[in-house]
Amino acid sequence: MKSHILLLAAAILAGPAFAQDAPKGDAAKGEKLFMADGCWQCHGVGGNGAALTGPKLSQTALPFEAFLHQLRRPAAEMAPYEAAIVPDSAAADIYAFLKSRPASPDLKDLPLLQGMGVK
Amino acid sequence: MSGNGKVDRRGFMKGAAVAGGATLATETRVRAQTAPAQPKAASPSAAQQAMENDPPGEAEKLTTEKTGSDFMVDVCQTLGLDYMAACPGSTFRSLQESFINYGKNTKPEWLTCLHEEVSIGMGHGYAKVAGKPMAAMVHGTVGMQHGAMALYNAWCDRVPVIVFTASAGPVEDRRPGVEWMHTVQDGAATVRDFVKWDDYPRSLQSFSESTVRAYQLATAQPQAPVFITADGKLQEMELSKAANAKLSIPKLNHPTQAAADANALREAAKMLVAAENPVIIADRYARTQQGVDDLVKLAELLQAPVIEARGRMNFPTTHYLSHWERSGPVVAQADLVLSLEPSDLYGQLNKMRDQLERTEGPKTKAGVKVISISTHDLLVRANYQDFQRYSPADLSITADGEASMPYLIEAVRQEIGDRKAAFEARGQKLLAAWKGLADRARAEAAMSWDLTPISTARIYAELYNQVKDMDWALLQDGGFQSNWPHRLWPIEKHHQFMGGSGGGGVGYQPVAALGGALAHRDAGGRTPISVCGDGEFNMAPHTLWTAAHHKIPYLTVVHNNRAYHQEVMHVQHMANRHNRGVENAIIGTTLRAPFVDYAKVAQGYGAVGIGPINDPKDLGPAIAKGLDAMKSGQPVLIDVVSQPR
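Heads up: the protein sequence lines correspond to chains A and B, in order.
Numbering-wise, the first sequence is residues 1 to 119 according to the numbering used here.
Numbering-wise, the second sequence is residues 1001 to 1645 according to the numbering used here.
It is worth saying that the hints were derived from the structure and are not from the lab.
Hints may contain errors.
Okay, the calculated beta carbon distance ranges per label pair [stated by the list, open to error]:
| # | chain 1 | residue 1 | chain 2 | residue 2 | range |
| --- | --- | --- | --- | --- | --- |
| 1 | A | Arg73 | B | Glu1424 | 43 to 53 Å |
| 2 | B | Glu1424 | A | Lys108 | 49 to 59 Å |
| 3 | A | Pro102 | B | Gly1347 | 13 to 23 Å |
| 4 | A | Ala76 | B | Thr1106 | 49 to 59 Å |
| 5 | A | Leu107 | B | Gly1524 | 29 to 39 Å |
| 6 | A | Glu77 | B | Ser1206 | 30 to 40 Å |
| 7 | A | Leu107 | B | Ala1593 | 35 to 45 Å |
From the three backbone atoms N, C-alpha and C, an ideal C-beta is built for every residue, glycine too.
Please work from the sequences and hints to get the whole structure.
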């Protein structure tokens, strides 16, 4: 996990040079690609995350460069996606889709969950 | 054996006794060269033919009131075994008849299973809940082969199951054909690598002593399955009063378990007290509630975080020293690790990255000290590699973790001296870190609340909402459902959680759940729940028939992600690695086209089947309906079309 954070941090630091060039993605296309490229199998439909297989991606706070870097050079266990499989433009579409995801429901509105948790 | 054989054998033995080896050889050759007589008139009936060839004569005895198998039942009954699970097989026909008639089908009661993997695997789940083993009987050769994987899971999980198989007697007592197929010289050879002890007793007295020994060995730490072959001839032979009177059944020993030696514990206590950031990892440690309570005492005494490795229920999830969700940083900061009954000490301390080039590294910082208390080294075999990678420890204590714990606590008390204030300060920090964990878990559960397919978090939240006032017990490990049980449920009692499969053999979940549910039923008033992957369920859906037949109520929630999802991820990973795209990774890994209708499958086996549930809003009412049906003693299945994890 530590190395994962470090690598992403490195990507972010390297980022600014390209930051302005982040391609504009198509969220609708991105949703299809998120399913077709199997991202959902580990990150859940909608990219809401699963504790043991893939973190939350919905509304990702990562800059596009760090996002792309994770696809090409995964921090730890994630399978790498080369450009031949997910071109930069497709990655941008997926990124746009994830950015466009609605916020999670508010805990206030989920009485069942409020009662849960062991603490 | 035909009567013909008997006549020949008598003559043959007589000849041998009179004239020795030469006569023996001659007679055999003559017999082999004699052509069968040709029928002259109309063919006689089979009965007539039998009469002519081998007239039974008035003297031949055809029935008896007592056979060896009755005595075998006597032996099993002295052990207090409550159940014998079996899928019928002719190699143990005499034993089965003795159990259900002579033994009056009580203690053990005969349970009908539809596959030997169930017969053995249900014993695996049963023993973890009941705290004692049950027995299984599997057909010679083929039944044993069916049951082998379940036996391996129980072995890897260090859980006792008393397994019997059977074999036809010597050649002169075997009918041609199938009795040969189901006979084996060394019945245990196939499974010897993963049972603690086995025997093929050649006399009834041997059967008695071997079965009692097997039970004692199975239940001594480290526990594991044992395997006894009941010879067919011994089962079916007539047992005269005089012969029976000569037989005896030894009293079963209940030996104490091996606790660690006092010097080693004093050394461990010194190291624990001196450490700045000790961490306790507990895996297959607690067998009983006492084990849990003792671990709470040790953790509180040291104000040390506990990481639940989930091999058993070791530590309450509600305790502020329960830090398994923070295991990454906690282990990384530790200067001392105390590992209790680890199944994989190396893996607790190291990681390996699964990429084209595998790279490894420690999870701990340099200079960390390691103490293990474990029975691991007392039961290691060469072939199957479940012993995991070798891992050095600074203090490796070979002893039973639970039995040693009271002595370790005492040793720590003696050493604590002026460290109390420092421990209190450490405890306060841990309390603060622990407080955020539930908020994080709830926030993550909320993220996928309304999703379709239904999220695993929603499944566990809806379930808990309806069972929270009941004496619930979980029969699954929950790892494939993002660990929600340990993140959101207050697991405080030892019986509320029973760990996982041990060997990772798919099919454990439905069969162990059946056995666990049986033990919970007998304990009284409990609500057992099995959240079971669809891939797992398909290995033994007929467990529901056994449950319906024997009135074993429990709730199965099929976590139906319509795939062997772990394998989807593996194949996708390979497709990515090979730069071929993941499109085809669904081939051979998914359960689509057609979808399986699990509710109908359940109904077909006589259980209550509900679903498929697709809309998260329908889940609550479905669970309510299922729990209601369980009250009348029925097994219930709810098919929930769900997120992958």
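Structure-based check of all given hints:
Separation of Arg73 of chain A from Glu1424 of chain B is about 45 Å and conforms to the stated range, judged on CB atoms against 43 to 53 Å. Remark: the range hint 49 to 59 Å for Glu1424 of chain B to Lys108 of chain A is contradicted by a beta-carbon distance near 36 Å. The beta-carbon spacing between Pro102 of chain A and Gly1347 of chain B, approximately 39 Å, falls outside the hinted interval of 13 to 23 Å. Restraint check, Ala76 of chain A to Thr1106 of chain B: a C-beta distance of roughly 56 Å satisfies the suggested window 49 to 59 Å.
In this structure the hint that Leu107 of chain A and Gly1524 of chain B lie 29 to 39 Å apart at CB holds, the actual value being about 37 Å. Between Glu77 of chain A and Ser1206 of chain B the C-beta distance comes to about 53 Å, which lies outside the given range of 30 to 40 Å. Between Leu107 of chain A and Ala1593 of chain B the beta carbons are some 38 Å apart, a value that agrees with the proposed interval 35 to 45 Å.
In summary, the numbered hints that this structure violates are 2, 3 and 6.
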